[in-house]
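A.B. asks: Here are the chains, one letter per residue:
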Amino acid sequence: MTDVSYQPDTTRGSLTDASGALLAADGTPLKKKLRQALAVSRRRAFLLVAPLLLFILASFAIPILLLLVQGVKDNTFSSIMPETTSVLREWDSNSEPTEEMAAAVVMDLISAKEISRSLPTKVGTRVNREVSGAISLFKKTTRKAPKMEAPFLAELYKVDKKWKDPAYWKAMKIASKTITPAYYAAAVDKKYLADGSFADQPEDRQIYVSLFVKTILVSGGVMLACVLLGFPVAYLLSHLPARQANLLMILVLLPFWTSLLVRTTAWIAMLQSAGVLNDIFVWIGITSDDQRFSLIYNMTGTIIAMTHILLPFMILPIYSVMKAIPPSHVRAAKSLGATNWTAFWRVYFPATIPGIGAGGLLVFILAIGYYITPALVGGQDGQLISNFIAYHMQKSLNWSLAAALGGILLILVLILYWLYDKIVGIDNMKLG
Amino acid sequence: MAGTGGSDEFVVFDQVQKSYDGETLVVKNLNLSIAQGEFLTMLGPSGSGKTTCLMMLAGFETSTHGEIRLAGKPINNIPPHKRGIGMVFQNYALFPHMTVAENLAFPLQVRKMTKAVTRDKVSKALDMVQMGEFGDRRPSQLSGGQQQRVALARALVFEPQLVLMDEPLGALDKQLREHMQYEIKHIHERLGVTVVYVTHDQSEALTMSDRIAVFDDGVIQQLAPPAVLYEKPENAFVASFIGENNKLRANIDSISNGVASVTIDSGDKVQALAVNCGDTGNTMLSIRPERVLLSADAPNRLDGKVLELIYLGDHIRCRMAVAGHDEFIVKVPNSSDHAALNVGESCPIGWVTEDCRALDAA
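Chains A and B, in that order, are what the protein sequence lines are. Count the first sequence with numbering that gives the first Met the number 0 and you get residues 0 to 431, in order. Count the second sequence with numbering that gives the first Met the number 0 and you get residues 0 to 361, in order.
The following block holds chain A by itself, in its conformation from the complex (with noise of 0.2 Å):
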């Protein structure tokens, strides 16, 4: 053995600071050399994925943020009619109208006529949502104002008598806010009144409310059913030997590779009413010819055409769970003593929750936004809350309601997303 002896390192021993924070051997604190340390891999972790971020900023959050902004803020009016704004600010919406209001108005109707001769139906239409009537109103008293001379008020009252009726100088009021509630309340049935308080909208119009229960009712409904149907399919992909586990894959994935729209109209001959299911049906003699079943346009369609859509996002989650129980959990519990049904309630079950609670959540959010299927397939009772988030950016162009409506659901699934966390744990969801 050749003799290389070792010299113990006498200056041996971590090097600390006054303070006790340990040095590093060149004297620097050690914490900060190894932020230096590790800079460079995180910048370029972050220059990676830099273009992704921006992508998501663009064309995600701030839109997201854009939406919750446009709920609350509304500067038409405000923006168009900026004397009349500062005036109906100082009004206490109860006492009878003044020269003064009446002065702002017809000022600011001719400025905004001679910007542009739509600028002032596009205040008629913003009262409008507050009371009807406003549009026909303001484009009456545009095309007169220029000719209009003090007392203005009097003036007002010659070219219409609902200058009169306090209820559109309230409802000016109201639609002079920028920050305004109304838009929120609307999306929940309440009506946001000129002296800033609360009332309940009439009877007949209140219809969101109804619908976001009816929404979050069908998304539940369409998450258990798909857990229903999914979690047996899950087990037996997870149980079958992999050729034929393979092909019952391509099975469940076939709905991802055809068109949503071909999906759902493929359910339309199936569910209409002389369509297969029901011809099957009269055939076997569960119904008679005269009295087909309504299945489609209506609530059945709308559920039956969503489980079928989003059973695979149930499915998968709950594959992969399962893929990943040891089959020696449920041998150990039958060697205990239990029985089947036991062994499976008591262990294999309880293993499997994390992949139903993600596919459960996974259905539960796509189905509450769902769009295009219960407008195809669900005729009059079987829309949803996204098909009048669409009617309102498409057809009346009160995107403001759209967004106030939009940012609820968005609350909802936090909610919902939290409350999965308070119950399951989002640590405990599996997606793959």
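By construction, these hints were calculated from the structure, which means they are not laboratory data. Everything numeric in this text was worked out from a predicted model, so none of it was measured. Yeah, the Cβ is synthetic: ideal placement off N, Cα and C, and Gly gets one too.
Computed beta-carbon distance windows for the label pairs:
hint, chain 1, residue 1, chain 2, residue 2, range
1, A, Trp344, B, Asp7, 39 to 47 Å
2, A, Leu46, B, Lys173, 42 to 50 Å
3, B, Asp126, A, Pro326, 26 to 34 Å
Rough simulated footprint, nothing fancy, chain A against chain B, three-plus residues with beta-carbon under 8 Å:
hint, region
4, 82-90
5, 106-119
Following the hints, put chain B in place on chain A, whose structure we already have.
C.D. replies: Just chain B now, with coordinates in the frame of chain A:
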């Protein structure tokens, strides 16, 4: 030791065969009796059929032919949960969503025992494996060794007559494994429960068992206590599977009084104990490395040449070229003798005739 304190036929495999595909037999005509209170190990390489035998006994596989009896009753058609056999699995198979105490309470709950009895038994079982303080932990919060103890306690808590263990220590590191071997052995001795243990680790089998059944190719090659298995292997497979072994091919010249006179392939004539070699033809001489004598006046002398020396502390492992084989291993105790050995030098070797066994020429 076998058969103390009970029937010699507590567990019986009677002409048991098992085939998965209908073309090959994984277990070929197994006949085995296990006495009550015995610690029997099924030892063999992977694919030798040992785990299949265990699974048939536990009820997770059905035998293709033959009968398995437990305490005199055939159990072929009894489902696993009614057999009342405790089982410890390779990866512990603790239920991750239950605490340690709940895991142990599980077999008692399914037997509808009262809460008080359950609590009492659970704490006793945990104390037995020195895990009394860990009842509230989840399995994932325990180390491998601790999980193993819990799994052991769970398999014993409902007081089964028979406990099966399927490579339970396979996932532990060497030191812990050795420690757990003694612990399992002591628990077995204290409870007097019958244990059927499956492993591919021969030192584990030698340490713990009353008897070892060496499996290969679906057949028990030898069933014997550890010492007999090591000292007196009956065939070439057992000789090479258990412990280290030097093999020399030879041809039998004659046999008298159980001693075979043979000619090694190199032409040297030596003597060996005739065990399983027939009267003529080829044979395989088997001699343990620690039984080789390094001395010019030893019987059965052969010439050897030192190729490699490995220092292992308590002994020195010496690889030699003997009779044309380069892999002839001799273990030399670390005493003053070893100074004589140097790589490249010739050294005569030999053995006492009883230490060299003439086996089947596999």
